[in-house]
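Using the sequences plus the hints, can you model the full thing?
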Amino acid sequence: QKEVEQNSGPLSVPEGAIASLNCTYSDRGSQSFFWYRQYSGKSPELIMSIYSNGDKEDGRFTAQLNKASQYVSLLIRDSQPSDSATYLCAVGLYNNNDMRFGAGTRLTVKP
Amino acid sequence: DAGVTQSPTHLIKTRGQQVTLRCSPKSGHDTVSWYQQALGQGPQFIFQYYEEEERQRGNFPDRFSGHQFPNYSSELNVNALLLGDSALYLCASSYRAGQGEQYFGPGTRLTVT
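Taken in sequence, the protein lines are chains A and B. Take the first sequence: its letter number 66 is residue 319 in the numbering used here, and every next letter is one higher. Take the second sequence: its letter number 77 is residue 153 in the numbering used here, and every next letter is one higher.
For the record, the hints were derived by calculation from the structure and aren't laboratory data. Certain hints may be false.
Said to hold, decoys possible - Which chain A residues face chain B? A few, computed with CB under 7 Å, are given here:
#, residue
1, Leu299
2, Ser302
3, Asp351
Unchecked claim - So the derived label-pair ranges between C-beta atoms look like this:
#, chain 1, residue 1, chain 2, residue 2, range
4, A, Tyr304, B, Ser103, 23 to 33 Å
5, A, Ser305, B, Leu159, 36 to 46 Å
6, B, Ala156, A, Asn319, 16 to 26 Å
7, B, Ser103, A, Gln284, 22 to 32 Å
In this text, a Cβ means the ideal position worked out from N, Cα and C, and glycines have one as well.
Okay, structure coming up:
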């Protein structure tokens with residue numbers, strides 16, 4: 254079992270729709286959770302961080318964390334073509350000293 | 077506010093050679109983590125440096141070593157390069173090891189031939 258698992262996609266949504274990205278992790282001791290966006294040929298860019306159960310909203314982005322289910326998700330509302338990228342889920346172990354990434358979900362937003 | 081910088085941008089080396097990659101953290105950050113990202117994969121944690129010491133190490137061989145300088149900048153050294161070392165090498169900086177978000181630099185694309 255991989256430490257951090259994501260659906261590889263591709264996930265395709267129409268412009269203006271809600272995109273839902275999911276991630277599960279195996280280590281119950283994980284303490285911090287992050288979503289990064291990576292455009293092709295570029296480095297990852299931090300979108301959201303979440304540390305406690307529940308929802309965290311930032312603009313069009315909402316991160317959801319459920320530690321009991323070892324599940325973290327990212328919702329993108331009013332998706333735009335510029336949101337087309339690979340979204341990486343990252344989980345911090347040992348207080349962020351060791352961050353583990355999923356393989357990423359490729360999102361395409363069609364105009 | 078200066079972000080994370082890395083050099084060089086691209087590098088081509090031959091099997092068996094050694095390479096040194098450099099990273100300067102974001103202003104105000106004191107911790108540097110290094111990652112290797114193969115094509116189509118997520119970044120893999122190599123190690124983290126804080127207070128000029130290696131604090132945590134991922135599952136990488138001893139051919140991978142690093143250093144952090146008093147100004148918080150860092151180097152990643154890879155000896156005896158293998159073809160499989162070809163990847164994007166990413167540096168991420170943060171404040172106080174074990175706390176807060178990590179911000180990535182643009183990366184160094186290493187090609188081993």
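Structure-based check of all given hints:
For A/Leu299, the interface hint holds, the least distance from its beta-carbon to any beta-carbon of chain B being 5 Å, beneath 7 Å. Restraint check, A/Ser302 versus chain B: the minimum CB separation of about 5 Å is within 7 Å; hint holds. Interface hint status for A/Asp351: upheld, as the beta-carbon distance to the closest one in chain B is roughly 5 Å, under 7 Å. Take A/Tyr304 and B/Ser103: their Cβ atoms lie about 24 Å apart, and the range 23 to 33 Å holds.
Between A/Ser305 and B/Leu159 the beta carbons are some 43 Å apart, a value that agrees with the proposed interval 36 to 46 Å. At about 44 Å, the CB distance of B/Ala156 to A/Asn319 disagrees with the hint of 16 to 26 Å. The supplied range of 22 to 32 Å is met by B/Ser103 and A/Gln284, whose beta-carbon atoms lie about 26 Å from each other.
The structure does not agree with numbered hint 6 stated previously, though it agrees with all others.
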